[in-house]
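One-letter residues, chain by chain:
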Amino acid sequence: MNARNTNDDAGQPDGCPPAASAATPARPSLRFLWLSLAVLGASLTVFGTAMAAQDAGATDAAQATVALSKSIGIWCAALMTIGILTFLYKDNPFYKVCESILIGVSAAYWMVNGFWSTLVPNLFGKLMPSVVREYAIPSLPVSDTPGFDMALAFVPLALGLMLLWRLAPKGGWISVWPLAFIIGTTAGIRLVASIEADLLAQASATIRPLVVMKDSVLAPAAGGGSAATAEMAATAVRTVDFWGTVGAVTGVVGVLSVLSYFFFSLEHKGAVGKSARLGVWFLMITFGSAFGLTVMGRITLLAQRLEFLFKDWLGLG
Amino acid sequence: MNTNTHDRQGGGGGGSFLSRLGGLDRRWIFLAMGLSIAVPILLKLRFPEVPGPMARATFDAIESIPAGSRVLLAFDYDPASAGELQPMANAMVHHCAARGHRIVFMALWPLGKQMADATIKDVLLEFHPQYAYGTDYVQLGYKAGNEAVVKLMATDIPQQYSTDAAGAALASLPLVADVKSTTDFKLVASISAGYPGAKEWVQYANSANPEAFKLVSGSTGVQVSQLLPYYPAQMEGLLVAVKGAAEYEMLVTAAYPSADKPDLLAERLGQGRVRMGPQLVAHLLMIGLIILGNIAMVAGRSRGGAR
Amino acid sequence: MLQRTVPIAILGLSGVILMLAYFSPLTTSWGETVLEWFNILAAVAFVLGAGNLLAVNLEKISSRRPGWAYAAITLVSFFLMLGFGLLKVGAVPNPAHPEVSFAGSYDTAESPFGWIYEYVFSPLTATMFAMLAFYVASAAFRAFRAKNTESILLLGTAFVILLAQTAAGMFLTGWIPEDSAFAFLRLDWMKVAITEHIQTAGMRAITIGIALGVVATSLRLILGIDKSYLSKG
Numbered sequence: 580m581n582a583r584n585t586n587d588d589a590g591q592p593d594g595c596p597p598a599a600s601a602a603t604p605a606r607p608s609l610r611f612l613w614l615s616l617a618v619l620g621a622s623l624t625v626f627g628t629a630m631a632a633q634d635a636g637a638t639d640a641a642q643a644t645v646a647l648s649k650s651i652g653i654w655c656a657a658l659m660t661i662g663i664l665t666f667l668y669k670d671n672p673f674y675k676v677c678e679s680i681l682i683g684v685s686a687a688y689w690m691v692n693g694f695w696s697t698l699v700p701n702l703f704g705k706l707m708p709s710v711v712r713e714y715a716i717p718s719l720p721v722s723d724t725p726g727f728d729m730a731l732a733f734v735p736l737a738l739g740l741m742l743l744w745r746l747a748p749k750g751g752w753i754s755v756w757p758l759a760f761i762i763g764t765t766a767g768i769r770l771v772a773s774i775e776a777d778l779l780a781q782a783s784a785t786i787r788p789l790v791v792m793k794d795s796v797l798a799p800a801a802g803g804g805s806a807a808t809a810e811m812a813a814t815a816v817r818t819v820d821f822w823g824t825v826g827a828v829t830g831v832v833g834v835l836s837v838l839s840y841f842f843f844s845l846e847h848k849g850a851v852g853k854s855a856r857l858g859v860w861f862l863m864i865t866f867g868s869a870f871g872l873t874v875m876g877r878i879t880l881l882a883q884r885l886e887f888l889f890k891d892w893l894g895l896g
Numbered sequence: 033m034n035t036n037t038h039d040r041q042g043g044g045g046g047g048s049f050l051s052r053l054g055g056l057d058r059r060w061i062f063l064a065m066g067l068s069i070a071v072p073i074l075l076k077l078r079f080p081e082v083p084g085p086m087a088r089a090t091f092d093a094i095e096s097i098p099a100g101s102r103v104l105l106a107f108d109y110d111p112a113s114a115g116e117l118q119p120m121a122n123a124m125v126h127h128c129a130a131r132g133h134r135i136v137f138m139a140l141w142p143l144g145k146q147m148a149d150a151t152i153k154d155v156l157l158e159f160h161p162q163y164a165y166g167t168d169y170v171q172l173g174y175k176a177g178n179e180a181v182v183k184l185m186a187t188d189i190p191q192q193y194s195t196d197a198a199g200a201a202l203a204s205l206p207l208v209a210d211v212k213s214t215t216d217f218k219l220v221a222s223i224s225a226g227y228p229g230a231k232e233w234v235q236y237a238n239s240a241n242p243e244a245f246k247l248v249s250g251s252t253g254v255q256v257s258q259l260l261p262y263y264p265a266q267m268e269g270l271l272v273a274v275k276g277a278a279e280y281e282m283l284v285t286a287a288y289p290s291a292d293k294p295d296l297l298a299e300r301l302g303q304g305r306v307r308m309g310p311q312l313v314a315h316l317l318m319i320g321l322i323i324l325g326n327i328a329m330v331a332g333r334s335r336g337g338a339r
Numbered sequence: 033m034l035q036r037t038v039p040i041a042i043l044g045l046s047g048v049i050l051m052l053a054y055f056s057p058l059t060t061s062w063g064e065t066v067l068e069w070f071n072i073l074a075a076v077a078f079v080l081g082a083g084n085l086l087a088v089n090l091e092k093i094s095s096r097r098p099g100w101a102y103a104a105i106t107l108v109s110f111f112l113m114l115g116f117g118l119l120k121v122g123a124v125p126n127p128a129h130p131e132v133s134f135a136g137s138y139d140t141a142e143s144p145f146g147w148i149y150e151y152v153f154s155p156l157t158a159t160m161f162a163m164l165a166f167y168v169a170s171a172a173f174r175a176f177r178a179k180n181t182e183s184i185l186l187l188g189t190a191f192v193i194l195l196a197q198t199a200a201g202m203f204l205t206g207w208i209p210e211d212s213a214f215a216f217l218r219l220d221w222m223k224v225a226i227t228e229h230i231q232t233a234g235m236r237a238i239t240i241g242i243a244l245g246v247v248a249t250s251l252r253l254i255l256g257i258d259k260s261y262l263s264k265g
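Residue numbers (our numbering), protein chains in the order written: chain A, 580 to 896; chain B, 33 to 339; chain C, 33 to 265.
Keep in mind that the hints were calculated from the coordinates and are not lab data.
All C-beta atoms in this analysis are idealised placements derived from N, C-alpha and C, irrespective of residue type, glycine included.
Be careful, since some hints might not be right.
As the list claims (entries may be wrong) - Below, computed lysine-lysine pairings styled on DSSO-like, alpha-carbon distance capped at 30 Å:
hint, chain 1, residue 1, chain 2, residue 2
1, B, K76, B, K153
2, A, K890, A, K649
3, B, K153, B, K212
4, A, K890, B, K76
5, B, K76, A, K649
6, B, K153, B, K293
7, A, K749, C, K259
8, B, K293, A, K649
9, C, K179, A, K853
10, A, K649, B, K153
11, C, K179, A, K848
12, B, K153, A, K890
13, A, K669, A, K890
14, B, K293, A, K890
15, B, K76, B, K293
16, B, K218, B, K153
Unchecked claim - Going by beta-carbon spacing under 10 Å, a handful of chain A positions derived as facing chain C:
hint, residue
17, L862
18, I864
19, T879
Claimed, not checked - Using C-beta positions, here's what the derived DEER-type ranges look like:
hint, chain 1, residue 1, chain 2, residue 2, range
20, A, S783, C, P209, 33 to 39 Å
21, C, T249, A, S783, 22 to 28 Å
22, B, Y165, A, A641, 19 to 25 Å
All chains should be modelled from the sequences, with the hints used to inform the complete structure.
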């Protein structure tokens, strides 16, 4: 699976375990809960279906089908949403069913997407272009060098099959070849990109004038004075931008002090120690700000789900 | 999952209210958080937003390129982050279309293509029905490969995307028939939820050709820390979380209102501002919880000292 | 030879080709070919992920381990989605080529695959991440303690950002004129100062540190000094 995103950062604090854990045998009370939820789900679905049918009564059959499908879908989505939220009270079968569905559906989704979006046009389209054109992508461009393209495409095909060998119980070393290719490619592009975008560009962004100037406009003296004098007085003059200068100095000091904290070749004593300590303070402010922004993100995601429940499902507002 | 995670911690029999706070069942905290978000939504709380410098910079970047420019919008997120990023996507698509820019959609995330499809349907074709597929907009869809996709986009788009998402050859679509690489775009925008996303666009596309196109990004609150060092030198505009979305929405709707569908525009380009309502109450709750937790700690410590 | 030398050579060669592709336009097309192969392998990795899921869940079911019924649910949903997607069941025909069997669109809400995405997958994944709002709140109550200077700085910054990001910032300090000498006391001013100067500086240093680490690790791998990946077989 694709390496997932920074969304995983907060993890599950408070010792809440990650998804997909082993289930405990269902107790009678939980079985009852499961049964009740299943009955509730079925009733809601039937209710939703009836509502949709009623909504669609005046329209033609095609629209009725779409409306029905949407109504059932919204009820289904609401049940799924509630199913996940029930975990907040305690672990339960309803949550586990939703979690299991999510795992299965997401794995299939990613595989199907990878197949139709990448494997078919970029691999099979070169190995057997006529077949792909006939059955899947009629407009697939015709290559000037189909034979050469096909020969080249055997390399990723072979590497791909070797990668899938990981699923076999024996011959694990076979999958190391494609793994080496993946690691080598990643290292090759990251090495250059890191130097260019993250090392040189960031150093360049740090090394800036520490004293920041700004243009200030002096208003002409009120009353009297010739037009020429007034014009001279109204021209911009360069003055020191106090807060701009503070910001620039803070930026440089911050980068250097945090780097000194990361620099372990010198013992953190004396001036280096003080600089490293200042670096820690900068880092703490950085993390504090990052925390504030993270909280905002999390709240927004929950707000969106509640909006769905209130507005799309219950029709409130 | 085990149920122990919900057990009360500490607690004990006696002690003051404050010292027993430490053992509070966390489900009460969950309830408080749920209510702090649910109630403002039901009450439709809305507050005015003042656009900040980063939102303005994003707006200005899209304004500054000539009308009718070719732009690339990368939908690098999925439904899990749509709460934060969809408002940005809606506003950005409307902004680009209102300026007459011709838009090429793509995705680095498998589900990003679905998000782009929804935005095309709900915003682009809703408010700009004159936009024709192939000449005014194109959906390239998703490709697997993460940063390698971006790297390849920077040098040879046709090698990567031999067809659009629906299987039409790029050569048959006037908007992208002559496109060779990202340098053929005036602006690239990544609506980004993490890896791969805006960071990779900076590293693998913008750094190789910093003058060729403007790069802007809409980012989740979680990811924005990673992107701050790139702003403004390597990234001209940056929308920070839902607040950035709300500010940008304000700028876009003020500059480009809809004459025939004002209410719908207010709804579709008002999601960011709607979601700012619960933020106030939930943020105050968070501050309150942190203070309360610290008070409980001090109370618990003094209680322990008294023993 | 096959188990050590060849993988080391493959890794070094692919890495070097991509580095050369950057420095010489003559080798750009080599790099593009390598990247295209990489993208194909990335798509194959999805198949591998699905295969692993199958193996784990089938084993759970066959050995009747606790929770095997949930594994069965996972597999049923997996195969349903996979079947709808790979076979393009109920796909909307391609308007330009309605006669071509697999040219249609399988991911719109009119098709079963798109319907499941819209009404099952999307709400499930969105809600799973929305749950983090609750856990963040709980963590804030239990773990954020002002014990020393560092933690006070962290918490103080978090308070400023939390307040300044909402209308509370304007309500509390919006009355201070923006052009006065005390404008720095405005929460929105503080937020900009923190994010654009202090946080940017902190993250810039972290970015530089990570870049140095990436460069060192990449070189070690390409030069064949780091061979830890060989043990993954």
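Here's how the hints hold up against the structure:
1. A hinted pair counts as satisfied when its Cα atoms are at most 30 Å apart, and B:K76 with B:K153 qualifies at roughly 26 Å.
2. Restraint check: the Cα-Cα separation between A:K890 and A:K649 comes to about 15 Å, which is no more than 30 Å; the hinted pair holds.
3. Taking the CA atoms of B:K153 and B:K212, the gap is about 27 Å. The hint holds against a cut of 30 Å.
4. As the CA atoms of A:K890 and B:K76 are separated by approximately 11 Å, the hinted pair is consistent with the 30 Å bound.
5. The suggested pairing of B:K76 with A:K649 holds, with an alpha-carbon distance near 26 Å, which does not exceed 30 Å.
6. The straight-line distance between the Cα atoms of B:K153 and B:K293 is roughly 15 Å, inside the 30 Å bound, and the hint therefore holds.
7. Proximity of A:K749 to C:K259 is assessed by CA-CA distance (about 21 Å); at most 30 Å being required, the pair is judged to hold.
8. Taken as a hint, the B:K293 and A:K649 pair is honoured in the structure, with Cα atoms around 24 Å apart against an allowance of 30 Å.
9. Only pairs whose Cα atoms come within 30 Å are accepted, and C:K179 paired with A:K853 is accepted, the gap being roughly 20 Å.
10. Taking the CA atoms of A:K649 and B:K153, the gap is near 16 Å; set against the 30 Å cutoff, the hint holds.
11. Simply put, C:K179 and A:K848 have alpha-carbon atoms about 23 Å apart, close enough for the 30 Å limit, and the pair holds.
12. About 20 Å separates the Cα atoms of B:K153 and A:K890, which keeps this hinted pair within 30 Å; it holds.
13. Pair hint A:K669 plus A:K890 holds up; C-alpha atoms about 26 Å apart against a cutoff of 30 Å.
14. Distance check on the hinted pair: B:K293 and A:K890 sit about 20 Å apart at the alpha-carbon level, within 30 Å; holds.
15. Between B:K76 and B:K293 the alpha-carbon distance is near 21 Å, which keeps this suggested pair within the 30 Å criterion.
16. A distance of roughly 24 Å separates the Cα atoms of B:K218 and B:K153; the hinted pair therefore holds under the 30 Å criterion.
17. The interface hint given for A:L862 is met, as the beta carbon of that residue sits about 5 Å from the closest beta carbon of chain C, less than 10 Å.
18. Hint on A:I864 holds. Least Cβ distance to chain C is approximately 5 Å, under the 10 Å limit.
19. Because the beta carbon of A:T879 sits about 8 Å from the nearest beta carbon in chain C, less than 10 Å, this interface hint is met.
20. About 36 Å separates the C-beta atoms of A:S783 and C:P209, a value consistent with the hinted range of 33 to 39 Å.
21. For C:T249 and A:S783, the Cβ-Cβ distance of about 23 Å falls inside the hinted range of 22 to 28 Å, so the restraint holds.
22. Checked against the hint of 19 to 25 Å, the C-beta distance between B:Y165 and A:A641 comes to roughly 23 Å, which is consistent with it.
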